[in-house]
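Asker: Please model the complete structure; the sequences and the hints are all you need to start from.
Number of protein chains: 2
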Amino acid sequence: MSAAVCRPPVFIDAESGFTLDLTGMGLRPAQLAKLAAPLARAHAEMVRLEAGAIKNPDENRKVTHFSDRLTYADSAQFREVEAFARAIAAGGEIEQVLVNGIGGSALGPQLLQQAAHGPYWNEQAAAARRHFPKIYFVDNTDSAGLADALAVLDLGKTLAVTISKSGGTQETKNNMLALEAAYRAAGIPFGPHAAAVTMPGSELDRYARAGHWRQIFPMADSIGGRTSETNIVGHVPAALAGIDFAAVVAGGRHMDELTRNPDPAQNPAYLLAAAWYIAGRGKGERNMVVVPYSDRLGLMGKYLQQLVMESLGKEKDLDGKVVHQGLTVFGNKGGTDAHAYIQQLNDGRDDFFALFIEPLRDAAHYPIDAQLSMGDYLHGFKEGLVRALTGKGRRVAEISLAAADVFNLGMLIALFERAVAVYAELIHINAFHQPGVQAYKLASKDVTAVYLKLQEWLATPAASGWHGGAAAAAAACGCPEQVRSVAGWLDKLAVNGRAVAAGRRVSRAVVAGVWEYGVN
Amino acid sequence: MSAAVCRPPVFIDAESGFTLDLTGMGLRPAQLAKLAAPLARAHAEMVRLEAGAIKNPDENRKVTHFSDRLTYADSAQFREVEAFARAIAAGGEIEQVLVNGIGGSALGPQLLQQAAHGPYWNEQAAAARRHFPKIYFVDNTDSAGLADALAVLDLGKTLAVTISKSGGTQETKNNMLALEAAYRAAGIPFGPHAAAVTMPGSELDRYARAGHWRQIFPMADSIGGRTSETNIVGHVPAALAGIDFAAVVAGGRHMDELTRNPDPAQNPAYLLAAAWYIAGRGKGERNMVVVPYSDRLGLMGKYLQQLVMESLGKEKDLDGKVVHQGLTVFGNKGGTDAHAYIQQLNDGRDDFFALFIEPLRDAAHYPIDAQLSMGDYLHGFKEGLVRALTGKGRRVAEISLAAADVFNLGMLIALFERAVAVYAELIHINAFHQPGVQAYKLASKDVTAVYLKLQEWLATPAASGWHGGAAAAAAACGCPEQVRSVAGWLDKLAVNGRAVAAGRRVSRAVVAGVWEYGVN
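First to last, the protein sequences are chains A and B. In terms of the numbering used here, the first sequence opens at residue 493 and continues consecutively. In terms of the numbering used here, the second sequence opens at residue 493 and continues consecutively.
None of these hints come from the bench; they were simulated from the model. Here the structure is a predicted model, which is why all the values come from computation and not from measurement. Do not take every clue at face value.
Which copy is meant is left open, because identical chains are indistinguishable; a pair holds if it fits in one copy or across any two.
Unchecked claim - Taking lysine-lysine and the DSSO-like style, the derived pairs with C-alpha atoms no more than 27 Å apart in a straight line are:
1. 884 / 775
2. 808 / 945
3. 649 / 945
4. 526 / 775
5. 884 / 808
6. 933 / 554
7. 649 / 813
8. 554 / 945
9. 937 / 775
10. 884 / 945
11. 937 / 649
12. 813 / 884
13. 884 / 933
14. 933 / 808
15. 554 / 649
16. 937 / 884
17. 813 / 775
18. 649 / 808
Answerer: Below is the structure:
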């Protein structure tokens, strides 16, 4: 890297007003120089990635979220989504949209909704919403989430959008099935109120076709969940709420151009990846604390937590060597959280670097006195915190944006997508798979299998009137090594008090300090 | 501790169904035995604290959030708040409540609202809300936050509740002043639409009295912001939304009873504090990842982040020795986030312990197939994740609750309040002050002072037509050592384009790779 730019390491894009300032990261020129060759190799890999190489070897997949942005806004698919959303808004019979998806299919759309519309879109009058529908999300298999949404949805005026690449994601499938049952119970046909975003030929695709759903949008196999926000997955929920999605993609494309620069000193994604590498000594030894000084960008920490930790938290490197990599991310909005976890950042453990994101444009001008407005205070608090932290030798990276709008959000998403991909090259891992999630899914299936065995046993005459501890129950239902799982299911059954298998109900009581169970 | 209970370390409260299971924390009996004497000393301190000792020596304050719960629900103040809230609901002229507070005055009330009512309270019909008002929050000095609220508030039907112990908290004061200006602009008197929760004699108290505010609720000096949720600070917003706050306090009291037990093995707060101590070797060397398996408790991670990090993140111990203590907390809800940061927890850095919180009762029964309901899947995913994590030797603590209701939330709050206080004794720090926040406030004041100097200079004839870099501007306005702060203010002015001091406006452009500024 050229010393001129690296001391201090500041990147400015005059066109958009984007500034990345790494002065507070305490990077030494020698550290940066050592990364020049690895970054050049990483750059070559990024060129290969964008040219269509298989960069997700485990899953034998291309990775197209960067290159897709080049063409997406001019594609037939883009126009189709826009036309669909306009027709929904103009049609008048749909007033509410329920977005059903998890992980990348939930966090990105939620981040964008909040950035574009703030927290109260649904409470605005129809005219203020330009007659675009209200938006709701279900993103878990907690019955409370769906019940809370159903309490305010008018099913006859609701469009349910189910987003799942494979269609096999259980949480999303559960919400879809429970929702369909709610339509059935209400005597309203589901198909005309349902839309899907999924891979052609997937389980969901087949289901939606069989059910004559109103619309099915195809999703490419090369799009990963956590990097799908500037593509069809982000587009459908955004367009339905009247968000200018072309601006999101344009922001992403603009950042892509800035971050294709082979000179690390002139490339904000490479600078950021280098700063992460140096701060955490290539092993994520410092937490990244994301602090957006913006209510509208309040979900940024949560979004980046997924993007970064799911991408970089890996057991093995590309050669199969056990490395237990990762980069921990958390954070809530500044300045209010300065009255919360910032106490520890100021005074406590020096095990982090903070990443400040500050949109400079005030949403509104509220004068507080003759010289200071509400937004001036926000800036003053941010500067004060940077000063306090750096004064104590704590590490700070700063991003400054012109505004908290959707173009700038598109820029941020593309910046972090590339920083993650490049950092993954530096530490030689696959950023695009998630084997730990698969492992956990398999473990969950085993646990569910125990429940089925338990139900089988509960239905037998032997279970009638039975009482005893979890170990005895586990032995009785033929899985003596599954005491823990059996106990969990018995607890769940006892608290819910619902009849299962042959009408049996479970109760529990503490006997000699442990739970014991009874079957009626 | 008695070995019988510590192998495995499980605490069960049969009455409420609360279970704390530390089996997955890998605690060794020898480690627990070593903590017996420190925990006995900590217990003696907790007894002193509840008896009214000065446990916040820096600020010469008692700490009464535990003992207050003994009497609060039977107090005149409690009845006064309830009567006020009932009168508001019955009166019909107030339909919306804007809660204005930050830190503890925002996170606790938000957590409770979400737990009691889910995310869509404001969208429910008045009858479903039992005619209690809709609830909104402003918790920052970001103009977007207030502008978004004002877009949906009908000021004539709104009650603005300002919560600030001292009344000097700038973010809260700013929102209050801007809100008052909005009332003035709308020609609606502010006083009848304003209520305060503050310390008698505070700046806010005096202001509210002078403005003939509708109601002023007194707040005791001995209540800290981050431990105020079961007292007046939590009560007023909760009661206004019709939440059964007596149940919250009862939950807290019930947990207080359980956690006054001098035997650590029978005291869940002491067990938890011991587990934290052992996992992080008394220095917070592992992050605590809070994973509530409950949409309604989705804010638990954020709430605990404040409670724990603001309390434990300290530079010095009680003897003035530099220790840089802390315990990092983050987390979002399970199981959906299993598709996000859980990849790293499963496979990546082993630098954490997970704390699962599972309410067993399903909010609603949605069958997915003949044998499994939506809530069964949630439990299966939780068990699967515990199995996956512990199978890899990762550390897991588990809390199981009967339900995600306000009584159980009260229990959780009291549990963590005491675990924090006891852990602070183990590491010999003051859990009840926040000197780092004060330091940051002072730094922010310095930054704001630079802005006033800059404005002064901008108003001079010399500034007219001026252009140059930040260093030159800093020199020109008489603070040559404040280049960074001057640059920040010039950026802010340039992007917002508003006229300041003598009508001057600032613009900026990139010259030779750095921002340069112009004054009109």
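Asker: Would you mind marking each hint as holding or not holding in the structure?
Answerer: Against the structure, the hints:
no.	hint	in the structure
1	884 / 775	both (24 Å within a copy, 19 Å between copies)
2	808 / 945	neither (35 Å within a copy, 55 Å between copies)
3	649 / 945	neither (42 Å within a copy, 57 Å between copies)
4	526 / 775	within (16 Å within a copy, 33 Å between copies)
5	884 / 808	between (36 Å within a copy, 14 Å between copies)
6	933 / 554	within (24 Å within a copy, 49 Å between copies)
7	649 / 813	neither (54 Å within a copy, 64 Å between copies)
8	554 / 945	neither (41 Å within a copy, 55 Å between copies)
9	937 / 775	neither (32 Å within a copy, 37 Å between copies)
10	884 / 945	between (58 Å within a copy, 26 Å between copies)
11	937 / 649	neither (36 Å within a copy, 52 Å between copies)
12	813 / 884	between (38 Å within a copy, 16 Å between copies)
13	884 / 933	between (44 Å within a copy, 15 Å between copies)
14	933 / 808	within (19 Å within a copy, 44 Å between copies)
15	554 / 649	neither (39 Å within a copy, 56 Å between copies)
16	937 / 884	between (49 Å within a copy, 17 Å between copies)
17	813 / 775	within (14 Å within a copy, 30 Å between copies)
18	649 / 808	neither (49 Å within a copy, 59 Å between copies)
The earlier numbered hints that this structure contradicts are 2, 3, 7, 8, 9, 11, 15 and 18.
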